[in-house]
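*Asks:* As a plain string of letters, each chain reads:
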Amino acid sequence: MKKTRIMAVAGAMALALGLTACGGSNTSGTGTGSSGGSGGGAAAGGANAAIGKIYNPSDAKGGTLRFGAAGDWDSVDPGDTYYGLSWNFLRNYARTLVVFKAAPGSEGTKLVPDMATSLGKASDNNQTWTYTLRDGLKYEDGTPITSKDVKYGIARSLDKDTFPNGPTYFNDFLKDVPEGYSVYKDKDLANLKSIETPDDKTIVFHLNKPFSSFDYFAQLASTAPVPQAKDTGTKYKEHVISSGPYKFTTYQSGKLLELDRNPNYDPATDPDSGRKALPDKLTVQIGINAADLDNRLMSGDLDVDIAGTGVQAAAQGKILASPDLKKNTDNPTSARSNYTQINTDVAPFDNIDCRKAVLLAYDKTGYQRAYGGSIGADIATSLMPTVVPGHQDMDTYGFKAKPQGDPEAAKAELTKCGKPDGFETTVAYRNERPKEKAVAESLQQSLAKAGIKVTLKGFPSGDYFKLYAGKPDYAKANGLGLLVMSWGADWPDGFGFLSQIVDSRVIRAAGNTNLGIKLPEVDKLIDQALGENDTSKRETIWGQVDKTVMDNAVVLPGVWPKALIYRPDYLTNVFVTDAYNFYDYAAMGTSKK
Amino acid sequence: MGLPTTVFAYLVKRLISAVVLLFIITAVVFAIFFLLPRLGGASADDLASRYVGKSAGAAQIHETAVRLGFTDPIWVQYGRFAKGLVAGSDYYTGAGYDHCPAPCLGYSFITQNPVLPDLLDRLPVTMSLAAGAAFLWLLGGISTGVVSALKRGSFIDRAAMTTALAGVSLPIFFTGLLSLSIFSYGLGWTAPGGSYTPFQENPLMWAYDLLLPWITLAFLYAAAYARLTRAGMLETMNEDYIRTARAKGLREHDVVVRHGLRAALTPIVTIFGLDLGLLLGGAILTETTFSLPGIGQYAVQAVANNDLPKVLGVTILGALFIVIANLVVDLLYAVVDPRVRTA
Amino acid sequence: MSQPSKPTTEASVAAQPDTSETGDRAGRRRRKSAATVNALDGIGGLGAPAPDSFLSVRDLRVHFPTDDGLVKSVDGLSFDLSRGKTLGIVGESGSGKSVTSMAIMGLHKPGTVQMTGSIRLDGQELVGSSPEAVRLLRGKKMAMIFQDPLSAMHPFYTVGHQIVEAYRMHNDVSTSVAKKHAVEMLDRVGIPQASSRVDDYPHQFSGGMRQRAMIAMALSCSPDLLIADEPTTALDVTVQAQILDLVRDLQSEFNSAVIIITHDLGVVAELSDDIMVMYAGRAVEYAAAEEVFERPKHPYTWGLLSSMPRLDRARIDRLRPIPGAPPSLINVPSGCPFHPRCAYADRTGGLSQSQRPPLEEKAPGHYAACHLTPEQRTAIWETDIKPTL
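Chains as they are written, first to last, in the UniProt record's numbering: chain A, 1 to 593; chain B, 1 to 343; chain C, 1 to 389.
Source of the hints: derived by calculation from the structure; they are not laboratory data. Among the hints, erroneous ones may be present.
Listed below are the simulated BS3-like cross-link pairs for lysine-lysine, each with C-alpha atoms no more than 30 Å apart in a straight line [to be verified]:
#1 A:LYS537 / A:LYS476
#2 B:LYS83 / A:LYS235
#3 C:LYS109 / B:LYS151
#4 A:LYS518 / A:LYS318
#5 A:LYS209 / A:LYS235
#6 A:LYS61 / A:LYS518
#7 B:LYS151 / A:LYS185
#8 C:LYS180 / C:LYS140
#9 B:LYS151 / C:LYS140
#10 A:LYS518 / A:LYS175
#11 A:LYS537 / A:LYS175
#12 A:LYS187 / A:LYS121
Covered by chain C, according to a simulated footprint, are these stretches of chain B (three or more residues, beta-carbon under 8 Å) [what the hints assert, rightly or not]:
#13 113-120
#14 301-311
#15 325-338
Please read these numbers as outputs of a predicted model, since none were measured by experiment. Idealized CB from N, CA, C, for every residue including glycine.
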């Protein structure tokens, strides 16, 4: 099966080719050292016509927009889902306090108020956040939406025993959430004091620490309102009470989801989100053969592959061979980085010059080939992907000039580090991921040219973080000097992307996703960013974090993966949103009636 | 002699052993999915870590392990499962408890839906697929086999057997995707992948939507049945009783069908029963290739999501069908071959 | 196995003609048979069929083209048979006797066989007539009993069903009428409790009963010609006798013409009016039964007689099989096909090796195909063979 669980498995940070919950994409080909595959955007329409701009802009309503999914995702319950496709799609039936603007390119990474009248108002040193609801908000049955419903929606999502799938940001950041809190044991929410609803329009959040980016939490799906009287626990997903432009008409687990217009949705209450609500009907067919899904897209029997991870290899070959097909594709970069951690715990990587030698020596194009060449990925020159706001183009080690590696320069660094004849080390990767294995092999070959002998060692995916690469004691004891890794952001923001992989203070005994970056300057910069309320200043700081990481030569940046997405030409108002790195499902329409 | 009482006693005996067998199968399947990982060194929390969101902390994972029962000894877990099968069980939905009546196959770890209703919901798809395909492959396979045998060595025979070889060798996901791209997306004659209309809704659409999957699946089996029938016919048409039938002055058609085919089909009954039983447990490749929401597709989704109760449910359902098919085949064999019945 | 001693002297050849015997039962039978056996000449020579002959075969040739060559299973065979009479066809396997019966029944698969000559059944020519026309005769005008009744009956249908099927094929009656008829037939052939056994399957019958049922099936449409191909081979001796008695009784009752095909002279001894001995697809001796047993003319017949166990003779140890193996039907030996196995072939002055002996009337109504002179033959028979039997 193609896309299976995309946000998926705990511990595992994401799939090699996978989606991200969030992320962004300016235009394709922004990656350094590679221009292939992204160029050639023909005139109006044409390849990449939906990247950074709108393909077929239209306000014409009507028709059915037919989504297809190869695999099922965790849940359609806004309080229990962690899939990017799900967050993208649920904007059609659930409104949140704030939302990523439905707009092409980097504009799509902007947060705008949805149910709230404005973005959050911070007080108490960013530890208190207040939102006011708009007037006239209604559920599909016509009952008004109150701030208590928003509170209830968040409160029920705190019950991870009942809703295990969603993110835990509210559990982690809200002040004094009781251990094992469950709304089903606390029906009047008396024990949840950190969210206050002084009136039906106002909701106030109290955090346990200052957090300047709280608006990103306020866009999480769990801030969608849930009427307590209609909450049926795990069965609520069978009919989520809509607050958005569409409501459920059919829900068949693992098979089919159908939505019709919600007559009680009033566009007047939704001026900022960019939702278009063009189609009369949305259908999602689940469990479609991945190869057949591509064929159906190309034959017009289906409109959108909801996963947005791109076509299968067979269809990719067909598309690249045919200009007629290629003009209906987009090749956006995702907010993901497939990189390799250099483990400073393992000698001689405690020496920065030895780390630099590896950075100079490895074959960047080999890394790219492992991920499908120029269509599958751009060569990365730093850790943070181009689509994350705050990204700064840098090329600290001259990757662009010598994309195949520079063994001579590497040898010079080796001499500086006291290992003129090279050294031996081990590269760890996940057995179940052939692409990571290909990376390891490429590293082995290219580093050998500089005299660095690399031994390959594969580990089971499921335990990669818990028992091996993510367990510092093990990695050190077994001399795992290079750790192949892949990481995607929950949303396109420096905090969302970087904090879990570069902050030394998140390192635990095991189960880490920060595989060994321990830089006091980085920690300091992170604290600075978390306290900064000015968005652009904050973004600059995240750029500095990225630069600091590169300056210290603690990662091999690898690649920023891309997807080749097919776009049937009769679709209207199509664009890739940098919030999710694939088409915006709240704006898209169809000219097929 | 086939006295009704002995037939009844035989049936009861077979049914009891079938039930026992099914329980053994559940235990084995349960052990494979629940015990083996533990023996492999995975802790209860390790197992549970598959069923939480990606940012779940250790405490949440442990809670999930407790909720899913991984922290209990394996026999307690199996006992709970077996009790659900026999007496039903209750599942916590947050908002209350949901009763899952016997035979309860458990609740999905991921969607928290009860497994059995999902399976029953999907069964008509698989049954429709299997029934239509079986009809086609019996018709096509047997008639091809008979013609091939009668025209042994002729061009027709060689062409049919070459096609049959192709049919047996080519995998469904190849023939399926190829036929979809030709007949559905190219010529537009048949429904695209993923189409299914319930029979009771519109029988014509039902047949139209399933036509290509039927043909594709039937092609695979028809090929095998054609070869079987041909071999069987070649053998039986040389039997003495065929000469006797001819000597009686019977029409050649009656000789071939009533005497030759009748005998040649007997072993095919056995194979057909088992094939059908296996298919009803989920035509995995066909359903995935044609994106049909049947048992097989459910199985694939369950495996892809590590959803153990679903995998267990599908396995048990498949085993049930095979056990039933075996029983039916045995009974049918007695009907078909009097030597078995009266021996 | 040592060859039987051959104390043949030229002197002993001067035997008297063997036609003198008249007046006894065998003689009467022979005379009656004379009409049957009339007008045969040469190697499958074609004479006019006897006026009263019911079945008349002339110069029948049944050849099978194979990858190895043309198999000449029957290669010029002629005989006649009247109603109420029994012809025994005797020979080793591969002599062409079964192929002949299948040819008469029209059971050879078209396309695999080349058939020429003439088979006239009650005046109707069968060779070359449409398969459908021959089919309509099968089971009704001519019927056949096969060697192994277990394999010759369909295991999945009841005995009754199989009789009903045959009967209804040729008689436009209801199933219940046909079934009543089947019970009558089973009763007639001596199946006890026929009305209940009619619903039994073949495997529930004993071997003898099965053969009876087979006979009942063959006779269900009162055929004018009954061909029994090794009808008793699969049965034990007691049952053999019962079955043979049954065939005889039924024959007289139905007044059918009967052909019994066997490799065992003993079977035909009691039953047959005439005997035809076949070798390599041809008749080598053809005469009234008594004649064949008392005054056989062909060395091959001598061999058959010598290899026949006789209950009335004690010296079993003198049982002598015919040396050698039956000839290839693709490359039939030159001259007399039997000469490679014939102990007396060297007495014909090379004639046996070079010339094929025609089937000639060596005595009135007694035909044989052999180069030995009458004198040689008589001498050998009287001195070498007869005493040893």
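*Asks:* Indicate, hint by hint, whether the structure satisfies it.
*Replies:* For each hint, the structure was consulted:
1. A:LYS537 / A:LYS476: violated, 37 Å
2. B:LYS83 / A:LYS235: holds, 23 Å
3. C:LYS109 / B:LYS151: Given pair LYS109 (chain C), LYS151 (chain B) holds - Cα atoms ~12 Å apart, limit 30 Å.
4. A:LYS518 / A:LYS318: With Cα atoms ~46 Å apart, LYS518 (chain A) and LYS318 (chain A) exceed 30 Å; violated.
5. A:LYS209 / A:LYS235: Violated, at roughly 34 Å.
6. A:LYS61 / A:LYS518: violated, 53 Å
7. B:LYS151 / A:LYS185: Distance of about 77 Å is beyond 30 Å: violated.
8. C:LYS180 / C:LYS140: holds, 18 Å
9. B:LYS151 / C:LYS140: Cα-Cα ~29 Å, so holds.
10. A:LYS518 / A:LYS175: holds, 28 Å
11. A:LYS537 / A:LYS175: holds, 27 Å
12. A:LYS187 / A:LYS121: Roughly 28 Å between the alpha carbons, so the hint for LYS187 (chain A) and LYS121 (chain A) holds.
13. 113-120: violated (count 0)
14. 301-311: Violated: only 0 residues of the region 301-311 of chain B have a Cβ under 8 Å from chain C.
15. 325-338: holds (count 3)
Hint compliance for this structure: hints 1, 4, 5, 6, 7, 13, 14 are broken, all remaining hints hold.
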